[in-house]
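Student: Chain order of the listed sequences is L and C. Using our numbering, the letters of the first sequence map in sequence onto residues 5 to 269. Using our numbering, the letters of the second sequence map in sequence onto residues 4 to 315.
The set of hints was computed from the structure by calculation and includes no laboratory data. Computed from a predicted model, the values in this text were never measured in an experiment. Note that beta-carbon positions come from the ideal geometry of N, C-alpha and C, so glycine has one too. Some clues are possibly wrong.
[What the hints assert, rightly or not] Once the Cα atoms are required to be at most 27 Å apart in a straight line, the calculated BS3-like pairs of lysine-lysine come out as:
#1 218/C to 112/C
#2 156/C to 170/L
#3 170/L to 176/C
[To be verified] Listed next, the stretches of chain C that the computed footprint assigns to chain L, with coverage defined by at least 3 CB atoms under 8 Å from CB atoms of chain L:
#4 91-102
#5 207-220
[As the list claims (entries may be wrong)] Looking from chain L toward chain C, a few residues come up when the C-beta cut is under 10 Å (computed):
#6 11
#7 152
#8 156
#9 158
#10 168
#11 169
#12 231
#13 233
#14 235
#15 236
#16 237
#17 241
#18 244
#19 251
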Amino acid sequence: MKRRMIRTGTVLRLLVFAALLAFLLAPDRFAGLLTPLTNNGAPAIYNQGTLLDLTLSHLVTVGLSTVAAAIVAIGLAIFVTRPAGAEFLALSRAIVNIGQTFPPVAVLALSVPIMGFGEGPTRVALFLYGLLPIFENTLVGLSTLPPAVVETASAMGMTGRQRLLKVELPLAMPLIVEGIRLSTVIGLATATIGSTVAAKGLGEVIVAGLLSNNLAFIVQGGVITGVLAVLISDGFEALAHRMAKRRGASSEARQSDPDGQRSGA
Amino acid sequence: MIELSHLTKVYGDTAVVNDVNMEIEAGTITVIVGTSGSGKSTLLRMVNRLVEPTEGRVFLEGNDVSTMPPHELRRSIGYAIQNHGLFPHWTVARNIATVPMLLGWDRRKVEARVEELMELFQLDHAQFANRYPHELSGGQQQRVGVARAMAAKPALLLMDEPFGALDPIIRSKAQSDLKAIQRRTGTTILLVTHDMAEAVHLGDRIAVMDAGLLKQYAPAADILARPADAFVDDLIGSADRPFRYLTLGKVRAAVEPGDAEGAPLAADASLYEGLGELLWSGRDAAPVIDTAGAPLGRISLESIAERAARPK
């Protein structure tokens, strides 16, 4: 029963992905579907650049900022969970929190005079916005490890570095991946505002739709962004689930374990 | 082989370990027994420097451990704890291989050692090597934990309540197995427990700790016969004392000439087991045979009772 549901989910995801790909590669074939949303004979498909290019550029912007945010946030979380960095925990939290609470639009407004128009300001805004989820999740992951396991790692003669790389990070990984997932999803949606400062991305389609009162543009920009976010989020979730399952952290893995193997002493 | 000299650990205003002096002979099992908060775990953890002493020194084969880099020191000392602390993301084989891999043994040597240990601890290699810890029973996890601690053939093994999480039946088997393995390998074991029965069962010598102080350090029989103070006496339990005492003796030692009716007793069984058998079968005496099955004589309730009395 359960297995069948998982299979249905996978099939659904593949279908959605195929539909997205088909739409991006040959959007004109779908024009008929969107025409009812236009008025006064306006075009149904965005025509100031190909949707595929815009999507790829959107993904690159989000990808680069999230990778940068992950490196900084994970590095910072590792640092403040070591004895030498413990006193910087409060400070790091404050900095990361500011990054999250400062509205991305304000970051754009402030960084355009310095960096000029284009992708730069958007990347900075997404980077700052993406720090918090990754930092907090890494922090929780590293500070809630089973004490017996961490202590044994030292007692076996691992150096601090070996303990971090061989035991702590691998065990915290499902939570870290979850943090990266959150940042990526938030980034995919937030990146659309970058178009207000001329960053290439799917926001361009939505903004064009708003300016020309073309509902078809707004829908296609929004739907592509949304579908990307759902698919990528699913991918990260599956990854985190697989990692957690292998070490027996998920209840599902326990249940599927045949009884006979567990009772023998 | 181990010498603890004026070992003291102070947290805040409390000395959790207070000026402890002990010498532990190589190749023996020494059990530190005490109530929770007696400082017994802290004492153990100062040996491999998981806790740094406030005062005093630990000498291992004459070397002051505070002069060795902690990670190198720890690779040379086995360590097993109550909740086994197995790495949940590593297979059984990888867990057991932890210290040999840290020491940079070559792969074939590591594999051979893992197989050897799994056999020693009665874990079928084909069946368990690639399992993850959560797929094992509590008893199996515990054995993997001890196998891992012994992987690099350390001369010294530290164990902190290693059987605490096991149910009574598995625990008593695990204790006997540990004792047998220790006799075979000659590893020096320093074990911490709150269970006096476990201490008497396993310990060549027993150290009793209370509130950071070493109250008594003596062979098990001496502790039972001549407790140093009221605390040690309490820990033994006055009602249990004669029976604990009987667990130390073998049937062989109480054999007298003559014959008796009924099922024979093995000469290597403990007097405690012998007493149980006699009481339960309602006999005054039973024949005794050696491991080959040859009759040695008989054992009587009277001769057992003599050995349960306080030594004069």
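Student: Could you run down the list of hints and mark each one as holding or not?
Tutor: Hints, verified against the model:
| no. | hint | verdict |
| --- | --- | --- |
| 1 | 218/C to 112/C | violated, 44 Å |
| 2 | 156/C to 170/L | holds, 22 Å |
| 3 | 170/L to 176/C | violated, 33 Å |
| 4 | 91-102 | holds (count 4) |
| 5 | 207-220 | violated (count 0) |
| 6 | 11 | violated, 25 Å |
| 7 | 152 | holds, 4 Å |
| 8 | 156 | holds, 3 Å |
| 9 | 158 | holds, 7 Å |
| 10 | 168 | violated, 13 Å |
| 11 | 169 | violated, 12 Å |
| 12 | 231 | violated, 33 Å |
| 13 | 233 | violated, 30 Å |
| 14 | 235 | violated, 28 Å |
| 15 | 236 | violated, 25 Å |
| 16 | 237 | violated, 24 Å |
| 17 | 241 | violated, 19 Å |
| 18 | 244 | violated, 14 Å |
| 19 | 251 | holds, 4 Å |
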